Structure formats: structure tokens, C-alpha cells
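Q: Each chain sits in its own coordinate frame; assemble them with the hints.
Letter by letter, the chains look like this.
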Amino acid sequence: MNWIRRRFRPEQIREWVLILLLIVLILSFGMVIQDYYTGRTFNRISSSIAIIAVMAVGETLVFLTRNYDLSVGSITGFTAYFVGMQLTRNANIPPLAVVLLAIGTGALMGSVNGLLVAYGRIPAVIVTLGTLALYRTMLVEYSGAKTILTSDMPKWMQDLSSTTLFSIGQVDLRLIVAIALAVVVLFQLVLTYLPYGRRLYAIGSNPDAARVAGFPAQRIVFLAFVLSGALSGLAGFMFLGRFGTITVVAAQGSEMQAIAAVVVGGVSTSGGSGTAIGAFLGAALIGLLEQSLRRIPAISEFWRDALLGMLILLAVATDLVIMKRLREFWARGELRVESSGPEGSGMEQPSQEALHPATGGK
Amino acid sequence: MFQRFLTALWERLKSWEGLLLILLLATIFVNSRLTPAYLTFENQINLFELYIEKIIVALIMAFVIINGEIDLSVASVMGLAAGTMAILFEHGAPAPLALLSGLAAGALCGLFNGFWIAYVGLPSLVVTLAGLIGYRGLVYVLVRDRSITAFPDWLNRLGQQPLIGPFTLAMLIFFALAIAAVILLQYSGFGRYVYVIGNSKEVARYSGVQVHRVKMALFIASGTIAALAGMLYASRLGAMRGSTAEGFELEIITMVLLGGVSIFGGKGSIWGVLLSILIILNLHNGMGLAGLSGHLRAGVIGILLILSVLVPNLAGKVRESLGRQRRLQRAVETVEIEA
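Each protein sequence line maps, in turn, to chains P and X.
Quick note on numbering: the numbering used here labels position 53 of the first sequence as 165, and the sequence is numbered without any gaps.
Quick note on numbering: the numbering used here labels position 22 of the second sequence as 25, and the sequence is numbered without any gaps.
Any given hint could turn out to be false.
[Said to hold, decoys possible] Coverage of chain X stretches by chain P, computed from C-beta distances (three or more under 8 Å per stretch; other residues unrestricted):
id	stretch
1	115–126
2	130–139
3	292–302
4	312–325
Everything labelled a hint here was simulated from the structure, so no lab data went into it.
Everything numeric in this text was worked out from a predicted model, so none of it was measured.
Think of the CB as a built atom: it goes at the ideal place given N, C-alpha and C, for glycine as much as any other residue.
One chain only, chain X, in its complex shape (with noise of 0.2 Å):
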């Protein structure tokens, strides 16, 4: 009686997101016991402030590691797109210029990534780490040891203060980004193409999908949005220094990863993403609340990374040695029966 309800509980909590959705409960269920103003609403929305760069930039890496990519320039492109628009500003050039420099700097990197893996057929951990040092080699040589302040009051309004409601204007766009990334990635045709380029690039090749222009497509969007994330960045922060966004690709996969997608590609869903970026968010508030310094929390989140692969590990090991453990008796049952 009581194994029947562990394995029945066992088979609901089997589904990642389910165990997502309990990590997550308790998680806001210890923070909101130890401080009181946690479950506030300028709480909630201040958590959101505070990552939304990051998380913008999780939406599109969760499609790339389900298509059995890694982009781990993110970051560095970041800092370039901040970097190339506060140059333009300093030098009094039109904000629709700066803007859009900027947006085209992160979708050239995109381009420049996805010709090396999607045509000349280079890992992209290479190609991608290769962009991480160069192009944040690039930040330093546009924007040198300095610190770029030189925005127009308008950008740095946009970007601390609401626009509509409660809701800044990164957060409307990242509302709109989910929203779109949920329809492509789990409603559509390309969102197929996505998984099935992730299970197997061989099979989509002789299936006909165009496994290339899948991947040039993602490398360009993500090179685009880790551009427009980071012009937000440097915008809410108000300044753009050469470090600007630095070792946020950690935090970002980390995001992805937790939320079951998988590092092999293939698996892995948005609504899966959507819930760990909350318990990542909740995590780093509660910490903070707590006292805990940036650093510990950098290596709290480290060894979640770990434990999100890990833990799935073992309890995959756990239960095949069950089985194993459960045919084995009945084998042996049989035996007896039969004797």
C-alpha cells in the first residue's frame, strides 16, 4: 500500500517541471517565512528588475541548447552592443543610428558564430568561446579603461523607470519574447525543426530540414537579442564600462539548464525554462534578503548548475537498478512458483 503511493508519487514527480514547480513553492515558502516584506508586490517586481537582462538572453539560449548548440558568447556580445551604442552617443550621433549600431554589432557576432558551426561545421563550445575572448576584446578596444556615461536622459529614463504600469520597458520586453518564444518553440514548425536538429542533425538532415539555415538562424537571433539585452543593461545601469556584463554567460545557462533542458540538445521545453528562471530569481532574492554576498551567491548558483544535471543522473541510475531489482524477483518468484 504505502510503496503504491511512493511510486505513484514518484510518477508525478518524474516530470521535471513538476519537481520545478515543488523546488519553487518552497522556495518562496522559506523566503516569505524568514522576511516579511518578501511576498510584496515592489519586491516581486524588483526581483524581475534586477535579472531581466539575463533572463531576456535565457529565452533564446534555451532554443540553441535544445537545437545541441551552446553560445557562450552572450555576454561578451553584450558588452559589445552597450559598448558600440555609448561610443555612438558620446560622439553625438543620432539615437536611431546608435540604437540600431548597436543591434547590428550583436547580429553580426550571431552571423560571424553561425558561419563557423553551421557551414564550416566547427564546435560551437569553439567558435563560441573563441567570441567570448574576441569580442569582449573588442568592448576594451572601443571603450578602453573608461566608464561611458554619456547617455541621453531619455535612454537612461526608459531604462530605470516603468513605462506602462508597474513594468519597465525590458520587462515588456521580455513579456512579449516569451510569449513569442512559447508559440515558436513549442507551436510551430520551426520549434519542430528545432527539436528534431537537437535529437538528431542526421536524421533532420535526411528528412529534409534545412539544418544549416536552422542553426545560422538561432546563432543570428541570438547574437541579436543578447545585443538588445545588453543595450537595456547598459541603459538601466545608466554607465558602460569595458567589464559591462561580464560572466553573465554562467548564469544564463545555468537558467536553462535547470530548467530541464538538455545539455546534449533534443530536450527541454520553455515552460521548463520559464519556472527555473523563477526559482533562480527567488533563490538570488532570498539570498540577498539574507545578507549573502554576490560572490556566494555566484557559487550557489555554480553548484545548482551541477546538481541540475547530476540530480537527474542519478535518479535515471536509481531507477534502472530498481528495475533491474524489481525483474529480478519476479524472476526469481517464478522460479520458486514453478518449483
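Excised from the complex, chain P in its bound form (with noise of 0.2 Å):
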């Protein structure tokens, strides 16, 4: 029993819960669905999760902080249009330049997000809220109502959404789904071992504390909507490539998937715990059924919104009473481990359990 206590937390069960629910999806999606196990199939669900994905490792940064981003599916779709527009004036601007033209972009207006919400005190849903309207009024005036279209792509652009890296077999590897693959793996490297990481969880967690200790709060908050902005800005890069053509709706009410794929991932709405592997392992999920239903004749695709819902409810209430629950039984579990230690067979070298309670009594 201590060794199934060591081993999982309570954090990583919403994860493991989270990829048996995806196998068992798709093992009977499968079934139901005539040649659902097909490169195709992948490829098509992997690029449509791969978007996602960024926007909602952005999203992480900022739920750790306790605030939440609306604005993230309107500064996606602004800087795909500002990016393609720029793109069909001089089709000669260098990929890379371009990619940073995008994530600049989108750091700027996470950047305005930011600033409101550290140093002007306004509460996150607000700003987000007024912003989400802004960016998208920006888009609408910017475009004069005019669309992008993919024939005025230079050719790597057009060429983007079906760029692979490698592919085994029928199954592509696309350039998108790398990309986004790094982010979550960068973000969770981030989360995991970087003091700023770590300064995300403790703000959350308490931000009296965090003040107190001296942690600069503002700046650490401030930093999580730029990088927010950033990151919605590299997936609007990543929409004008697999899309193409771009209108001024493009990417909207995409914040709620992105929202709904954070907090089904696991990550705390109140702040202070989640990771980005768990929000990518919510975007896999979202994204899985997305594409999916839409193939399935009886069930419409237009069930997807109504499930959606329902799935964050589901997520948030566990979260609420089981977890909750859970974390109380190991961290019970826990105490016991300890204080059992000194009385038990760890009484010869109690020396070595206080220098190292966290591996805990033998």
C-alpha cells in the first residue's frame, strides 16, 4: 500500500484516468466507425489537437495563477490574420521571421491582459472578457471584412498542414503536431524545474504566502499572460497553416476549448496545481471527440458543444469531491508513513529520515 502512495500522487491519477479514458474512446470509436483505424484518421486528429494544445498550455500558465484568459481565441485569430496578411504583401519574409512576427504578436496582447490584470487590479474575467471583444473588433477592422485565402500563400505556407517530419506507415507525423509536442514537453520541463515554474504553483496556491515569502507576484502574473499571449499567437501560425484561409471569425470561441480542455486536463480552476501534460492530455481528448462524432451518423456533430459542457462539469465535480477526497486519504497516509518511522525499524537511523522526509520511513 505505502508503495502505490509513493509511487502515484493524486495529482497524476487524474492523468492516468484521463489516458485509460482516451484508449477506451477510441477502442470504441473504432467500432462503431468503418475505417477509423487509418493514418487519415490520425493525422486529421492529431492537427486539430495539436492547436489546441498551445492555446491550452498557455491557459495552464495562467489557471496556475489563479486567473483565468479569455481572450486567448481572439489574439489566435488576430495574429493568424495579421500574419497572413503580412505574408501575402511580401511572400519573401523568412519562415522563422514569421513564426516570431506571430508569437511577438500574441505577446503583446497578452502583455495588455497582463498589465490589467498584475498592475491595474482588475479582475482576470473582466479584462479577458473586454478584451476578447477588443481583439476581435481589432481583426474586424484590420481585415475591412476581407479573407485571407490560401492561394496567396507562399508555397511553404500552403504547404505547411501537410509537412511531415517522419511517418511510419500511413501515419504521419505532421510538422504542427511537433511543434506543439514540444511546447508541452518545454512547458512541462518549465513547470516542473524552473524557479518561475515553480513560483506559478505557489502564487496559486496562496498568494498571500507567495507575497510574504517575496516573491514579486505582479511580475510572476504579469509573465503568465504574456506567455499566455505568446502561446495563442503561435497557434494562430499554426491555424493560418492548417487552414489557410482565414476570415474574421477565424478561431473564435476557441477559448472554450481551450478552457474546457485545461480544466478536463486536471489543471485546479482555483489555482495552484495541474500540469501541461494534463492539459494536452484534455486538448488529445477534445479533439478526439471532435473529429470523431462528426463520423458518427447518429449522433450529429452538433452533440459536440452539448457534451463538451457536460464533460467540464464532470471533470470540475470530480476534481471537487473525489480528489479532494483522495488528497486527504495520502496525505493522511503520509502523516502515518512519518511518524511511524521513528517508532518502527527506523529507529536505528532517524538521522537519515529527517534530512529526507520526502522519501518517507521505509
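A: Below is the structure:
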């Protein structure tokens, strides 16, 4: 029992459950839908997941600090259009500069959110609800209600959606999927090992304690919003690459998908707990549902959003009811293990346990 | 002397409602200078008619936000109620059944939200966000990508034509609800409960207020009134689509927050909300007459939403630092006198 307690953290259970759920879903979709296990299905689902996942990772950073970013969809839409416009005007911009332009534009928009939330002390819901409308307005005004077409893009951009790093049989690893995976891994490392990542958790768990401990809370929250904006910018670039045709409603409502992914992925809505991998798994679940449901004639694709809403509620409710119990159970176990240490066999070498309380009694 | 005048003026302005009144007069003044036809009675009525559904929902939203919660799902509930009604009319159901089903759909949504928030204890932001997505999803399940126009003639007439004098049914409902809201929130025991819970849930519970019951009642009311507004909206437009009333929550919440209701709960009044409704209506109308597009107007409303919280925040900060300076000055003076 203790072995199990030490091996798995309660936070990880959510991730294992999600993986299990994904497997079950894939198996059952495979039974209902004809020709489900093909390379094409995988490619379509993975490209769809990639964009949500990148936005969800940015949203995770903001969620960890007990804030919300509702403007990510508008930022993604605006950067997709803005970058696309620059490319139609001048096709010779090098690809790297295009990516940097997208990230920079997104970061700039995110910094407006961050400035107002962290330094203006306005609740994030208000700020980002406002900028959700504002950035969409900027897109409409900037575009003059015109549409960007795939045919106006340079060759490399047109090919981006089918650019493949390597393929095993029919299954390709698309470039945008690789970008998304890289983002997830990178930010998981940042969250786990970098001081900045740890501070995000600290602020979300207890803002007052973090402030007393001397963390620059305002700067940390500000940066979280900037990063969220930057990742939305990157998602905008991927959106442009995947669809090519950008209208003024591009990525409208995708903030809901990002938030759904984050919440389903086990990131706490009251801050301080959650992982980038969890957010990715949440995005995978949503992408899988979205792309698979429309292939089942009996359940039309119109059911997608209704199911999504239920899924979010279910995720949050289980988090509150079950995970809380589990966490208490774990904490009690930890206590028992530690207190039984000195009395039991640990008597001979209590100093070692005192030095390494994290490993607990053996 | 001049400073004293400034402080006196500042005291006046300090009440948020006073500031709103000045803002409203300024908006009306500028508008009427720009457009001669602005102050005509028809224009003012027309202005009300275009936004009547949103301002009906804003009334109940004020209760919810003062209570320390938020309901993001109202626009989706509006759509769902309108969709339920439209589908039933399309299948030839009798009118009472269609109308009541629409209302019931809204009440059920409110019950569902309220259950998770009041009894399970989930944050309302998340629950109603799920509702925003989920109920809108149900609308699409109901009406798919069609546009339903199979409303009976009397319903369209009721939605579009004046009923008593120049007022349409929706306006009369708004007036009745506004009076009820003022009485209920400002002058009744229930209203006091709403404020107390908004200020501190714990204090309210220890004082013997049935917190979950009040919250439940508010969310059911919010769902029902949103449903009513949605049905009025559909009957005014004479048509119903999957995207009907989509995105309305932004403007509804803006109306409430601009009215001086604190997003943290416990503060605000219906008077402020009524004033801010008038301001937003006049702003919209002025911008419309000046030829601004709908999207640009949404952007202006977005900026207004942010400003409505930023300005009081900054004012508080300025006042605080001014007070500190004054205290410092006084301390320096006393030290000088003693020396």
C-alpha cells in the first residue's frame, strides 16, 4: 500500500484516468466507425489537437496563478490574420521571422491583459472578457471584412499543413503536431524545474503566502499572461498553416475549447495545481471527440458542444469531490508513514529520515 | 479656497451614481449636438426596443453579481428557450405548451447551474462557463443549422408592435421587472440577504441565512428571466437560428459592472445599473447614428467594461496616496511647530 502511495501522486491519477478514457474512446469509436484505424484519421485528429494543445498550455500557466484568460481565441484569430496579411503583401519573409512575428504579436496582446490584471488589479475575467471583444474588433477593423486565401500564401505556407517530419506507414508526424508536442514538453519542464514554474504554483496555492515570501507576484502574473498570449500567437501561426483561409471569425470560440481542455486535464480552477501534460491530454480528449463524433451518423456533430459542457462539469465536480477525498487520504497516509518511522525499524537511523522526509520511512 | 472647492466637487463625484449621471448627460448632450433627430421620442423608444432583451437580463444579473456569483450562461439559455419554443411551434404544438416549455427549459438550466454552485460548491464561473458551451450545444442539437420562422402571426405581432401606447410587450415587462427589482433588492429582506451573502458567505451562514437557498433561487430566476428574454428576442426577430443571442453575456455583464456593482459581490445598486443601461443605450445609439459598425461598437463596450473597473481602482489608489501625503504633511508641520 505504501508502495502505491509513494509511486503515484493523487495529481497523477487524473492523467492516468484520462489516458485510460482516451484508449476506451479510441477502441469504441473503432467499433462504431468504419475505417477508423487509418493514417488519415490519425493525421486529422492530431492536427486538430495540436492547435488546441498549444493554446491550452498557455491557458494552464494563467490558470495556475488563479486567473483566467478568455481572450486567447481572439488573439489566435488576430495573429493568424495579421501574419497571413503580411505574407500576402510580401511572400519573401523567411519562415522563422513569420513565426517570431506571430509569437511577438500574441505576446504584445497578452501583455495588455497582464498589465491590466497584475498592475491594474482588475479581475482577469473582466479584463479578458473585454479584450475578447476588443481584439476581435481589431481583427474586423484591420481586415475590413476581407478574407485571406490559401492561394495568396507562399509555397511553404501552403504546404505547412501537410509537411511531415517522418512517417510510420500511413501515420505521419506532422510538423504542427511536432511543434505542439515540443511546446508541451518544454513547458512541462519549465513548470517542474524552473524557479519561475514553481513560483506559478506558489502564487496560485496561496497568493498571500507567496507575497509574504517575497515573490514578485505582479511580475509573475504579468509574465503568465504574456506567455499565454505568445502561445496563442504561435497557435495563430499554426491555424494559418492548417486552414490557410482566414476570415474575421477565425478561431472564434476556441477559447472555450482551450479552457475545456485545461479543466478536463485536471488543472485546478482555483489555481496552484495542474500540469502541461494534463492540459495536453485534455486537448487530446476534446480533439478526439470533435473529430470522431462527426463521423458517427447517429450522433450528429451538433452534439459536440453539449457533450463538451457536460465534460467540463464532470471534470470539475470529480476534482472537487473525489480528488479532494483522495488527497486527504494521501496526506493521512503520508503522516502515518512519517510518524511510524522513528517508532518502527527506522529507530536505528532516524537522522537519515529527518534529512530526507520526502522519501518517507522505508 | 480653490482646493476646498475641488474637495467638495470630489465628494460629490465620489458616489458612482453621481459620476454615471454626469456621464449620461454628457453622452446625451454630445449625441444631440451631432444628430438633430436624436432627442425625438421615436428615437428614444427605438433605442430601447433594440436592446430590451439584454437589459431585462441585466436586471437579474445584477442580483447574481451582487450575491458574489456570475452567470455566463444567460445568452445560451436565451438561445435554448427560444429554440425550444420555435421547435414546438414548428411541430404545431399549442401556444401555451410552447411558451411554457421555453420558460421551463430556462428554469431547468438555472436549476442545473444552481445545484452545482449552491449545493456542490463549485465556482459559478466554471459551472456557467460549462453552461455557456453546453446549453449552446443543445440549441444546435435542437435547431441544427436551420433558421426557424414558423412562429404564429400573433407572436410576431406581439414581439414587434406596440401593445399599450408606444410600448411593446417586452418594454412593459422590463418596466414591471425593474420596479420589482428595485423593491426586492433595495427594500426587502431577501435583498438584504443577497447583499450579506455577497459581502461574506461565512458571516451570512453564521447569521442564519440559508445561503444555498438564496443562491439557488437566484440562479433559477436568472435562467427563467433569460428564457423569457430569449423568447421575446425570437418573437421580435420573427426567426430563430442556432446562433441566436450568441455573445450577449458580454454586454449584459458590462451593463451591470458599469453600474457600480462590484465583481467581488456585496456592492452596487439597481439604480446604478439602470443608469448604466441608459448610458450604454445612448452610446450605442450615438455610435450607430455616427455610422460605426457593430463590431467596432462591441470593441467600445469591451473598453468600457475594463474602464468601469480600472477607474474606481485607480481613483482609490490616488485617494490613498493623497491621504498619505496629507498625513505626512501634517506630521511634518507638527514637528516644525514643536521645534
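Q: So, for every hint listed, does it hold in this structure?
A: Structure-based check of all given hints:
no.	hint	result
1	115–126	holds (count 5)
2	130–139	holds (count 9)
3	292–302	holds (count 5)
4	312–325	holds (count 4)
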